[in-house]
Amino acid sequence: MQNVGQTVLSQYACSPSLNALLEGWNQCFDPAQSIENWFASIWNIETAQGYGLDVWGRIVGVSRVLRMASGQYLGFAEANDLTEQGFNTAPSYAGRVVVGDFTNCSLSDAGFRQLIYAKALANITDCSVLSLNAILRTLFAGQGDAWVEDNANMSMTYAFGFGPTDVQVSIIENAGVLPRPAGVAVFYSIRG
Amino acid sequence: MKTLLLDRATWDLVVDAQGNIAVADVPYATAQDVSSAVRVFRGECWYNTALGLPYLAGVLGRNQSAALFRADVAQAALAVPNVARATCVLTSLGADRKLSGQIYLTLENGSTTLASF
Numbered sequence: 001m002q003n004v005g006q007t008v009l010s011q012y013a014c015s016p017s018l019n020a021l022l023e024g025w026n027q028c029f030d031p032a033q034s035i036e037n038w039f040a041s042i043w044n045i046e047t048a049q050g051y052g053l054d055v056w057g058r059i060v061g062v063s064r065v066l067r068m069a070s071g072q073y074l075g076f077a078e079a080n081d082l083t084e085q086g087f088n089t090a091p092s093y094a095g096r097v098v099v100g101d102f103t104n105c106s107l108s109d110a111g112f113r114q115l116i117y118a119k120a121l122a123n124i125t126d127c128s129v130l131s132l133n134a135i136l137r138t139l140f141a142g143q144g145d146a147w148v149e150d151n152a153n154m155s156m157t158y159a160f161g162f163g164p165t166d167v168q169v170s171i172i173e174n175a176g177v178l179p180r181p182a183g184v185a186v187f188y189s190i191r192g
Numbered sequence: 001m002k003t004l005l006l007d008r009a010t011w012d013l014v015v016d017a018q019g020n021i022a023v024a025d026v027p028y029a030t031a032q033d034v035s036s037a038v039r040v041f042r043g044e045c046w047y048n049t050a051l052g053l054p055y056l057a058g059v060l061g062r063n064q065s066a067a068l069f070r071a072d073v074a075q076a077a078l079a080v081p082n083v084a085r086a087t088c089v090l091t092s093l094g095a096d097r098k099l100s101g102q103i104y105l106t107l108e109n110g111s112t113t114l115a116s117f
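For the protein sequence lines, the chains are A and B, in the order given.
All residue numbers for the first sequence refer to this note's numbering, where the first residue is 1 and numbers rise by one.
All residue numbers for the second sequence refer to this note's numbering, where the first residue is 1 and numbers rise by one.
Bear in mind the hints are in silico, worked out from the structure with no lab data behind them.
Predicted model only: the values in this text are computed from it and were never measured.
Computed Cβ-Cβ distance ranges for the label pairs, DEER-style:
#: 1; chain 1: B; residue 1: LEU99; chain 2: A; residue 2: ASN37; range: 51 to 61 Å
#: 2; chain 1: A; residue 1: ASP54; chain 2: B; residue 2: GLY19; range: 49 to 59 Å
#: 3; chain 1: A; residue 1: ASP30; chain 2: B; residue 2: ARG8; range: 30 to 40 Å
#: 4; chain 1: B; residue 1: PRO81; chain 2: A; residue 2: PHE39; range: 42 to 52 Å
#: 5; chain 1: B; residue 1: VAL23; chain 2: A; residue 2: ALA32; range: 25 to 35 Å
Pulled from the structure, derived: some chain A residues nowhere near chain B, Cβ distances all over 10 Å:
#: 6; residue: PHE29
#: 7; residue: SER41
#: 8; residue: ASN44
#: 9; residue: THR47
#: 10; residue: ILE59
#: 11; residue: ASP145
With the Cβ distance kept under 10 Å, some of the chain A side facing chain B (calculated, not the full set):
#: 12; residue: THR7
#: 13; residue: LEU9
#: 14; residue: SER17
#: 15; residue: LEU18
#: 16; residue: ASN19
Even for Gly, the Cβ is constructed at its ideal location relative to N, Cα and C.
Could you build the full structure based on these sequences and the hints that come with them?
Encoded structure:
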């Protein structure tokens with residue numbers, strides 16, 4: 001209770017032992033610390049951890065565990081995803097996804113928080129270039145340039161000025177965080 | 001019915017010879033309960049604001065009829081369990097502006113007791 005004295009009748013207001021007992025009980029039962037902890041580790045997304053972030057992930061619709069394609073295939077710069085490699089460094093694409101190529105990757109709290117922010121932005125985005133760029137800035141803050149290009153033919157390109165890690169590739173391609181305006185084809189490209 | 005014994009001067013809990021919180025027994029318990037009931041300001045009890053005397057609204061700092069005050073006190077005393085009849089007698093209004101008096105109580109078993117204020 002914030003002010004236990006207010007609940008004591010005035011005839012007992014000057015009773016030292018009675019008030020001491022009530023004060024002591026009040027301190028024993030005081031839930032303020034628990035509420036504080038709960039707020040910090042679950043409710044407040046900036047400080048949430050573990051389970052709290054999982055709850056936030058369910059709210060915005062993104063999962064901490066990513067299905068990550070670790071396979072890289074022979075490809076060219078025109079290929080529309082981020083898994084292509086040059087000659088002599090990767091096998092040809094078999095035409096289907098090999099089961100062993102996928103691993104499940106659990107994001108750290110910091111990475112997951114970033115993903116939740118990005119998904120939350122994506123949920124309310126108007127899919128303008130401006131807001132897509134804002135999502136990219138949130139997701140890849142401090143890593144390098146990332147931007148959206150309008151190819152002016154009902155397609156767009158997510159361009160990255162740095163080499164994304166495997167985890168980031170799966171965020172980009174699988175997590176459903178980077179939105180796609182209706183009727184628009186999406187390509188990905190790395191501009192080194 | 002037992003009640004927690006209160007020190008008459010500080011109106012506080014006291015301990016008995018064994019160090020436990022002391023309790024009072026009938027008939028003193030009833031007299032003390034009446035005393036407690038009469039001291040409640042109306043609206044002060046959080047879960048039943050109808051209890052108590054209208055000290056702030058009608059008694060303190062106002063012209064007040066002594067007969068009305070006595071009736072109010074008797075009414076509050078009758079609300080205490082085990083009290084069959086209550087009569088309030090005002091004895092004096094001292095130079096320190098302190099009103100004193102007594103409440104004569106008849107309990108339901110026929111015995112009488114006295115609460116002073």
